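J.: Protein chains in written order, with my numbering: chain A, 15 to 132; chain B, -17 to 96.
None of these hints come from the bench; they were simulated from the model.
Quick caveat, the model's predicted, so the values are computed rather than measured.
Quick reminder that beta carbons are idealized off the backbone N, C-alpha and C, glycines included.
Honestly, I wouldn't trust all of these hints.
Reference listing, derived: stretches of chain A covered by chain B, where coverage requires no fewer than 3 residues with Cβ under 8 Å from a Cβ of chain B [what the hints assert, rightly or not]: (1) 30 to 36; (2) 42 to 48; (3) 51 to 58; (4) 123 to 130.
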Amino acid sequence: GAVVSQHPSRVICKSGTSVKIECRSLDFQATTMFWYRQFPKQSLMLMATSNEGSKATYEQGVEKDKFLINHASLTLSTLTVTSAHPEDSSFYICSAEPQGASSTDTQYFGPGTRLTVL
Amino acid sequence: GQNIDQPTEMTATEGAIVQINCTYQTSGFNGLFWYQQHAGEAPTFLSYNVLDGLEEKGRFSSFLSRSKGYSYLLLKELQMKDSASYLCAVRDGKTTDSWGKLQFGAGTQVVVTP
């Protein structure tokens, strides 16, 4: 159980286009999902916290108008990178915290999306 | 602010033991997690500590001292498949919607040699 999927797994796009990444919890409901970005040989950097039915909370330095997050249901959150540029090329990973999770439960991570902007 | 430090890389031989240290200075604390991450893949959960002491889970053990802001992950009987990056993550305070955000260290690359 506790499987999180991401789609697409890899995407290559031209500079200036927008890219949407989906994060789905397949066998549980998640009130809260998190979006991370990871550059090569660096750690995961939290971008934003996504709560179902409300606006996302962005970390300092993350442009909310560039990285649009929608958490429309208890099993789906989407991240849209608008007007992507080469510096946005990165590994984007989502995680989901199960609804009703206990304090000892971990977040469950998706397999990641490799974005390359040409 | 948040500051989570761990060594960049460690090398050990198959069958040996390796200890990865993590020190942290964070504004809130609601548990410390260790994850394993292979290149290009998502992190997988290894261990969780919220109280001081040692948690043992098979070949992996994790220790926490909250007063010292210190944790370690101990990998015993190393296998080649243990070559990966190991991430220390501190969870900050609980909110109304979640148990808290994770802040990650930069990761320790463990290289297991034959």
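J.: Each of the hints needs a verdict: does it hold here or not?
T.: The hints, checked one at a time:
no. : hint       : result
1   : 30 to 36   : violated (count 0)
2   : 42 to 48   : holds (count 3)
3   : 51 to 58   : holds (count 3)
4   : 123 to 130 : holds (count 5)
Checked against the numbered hints given earlier, this structure breaks only hint 1.
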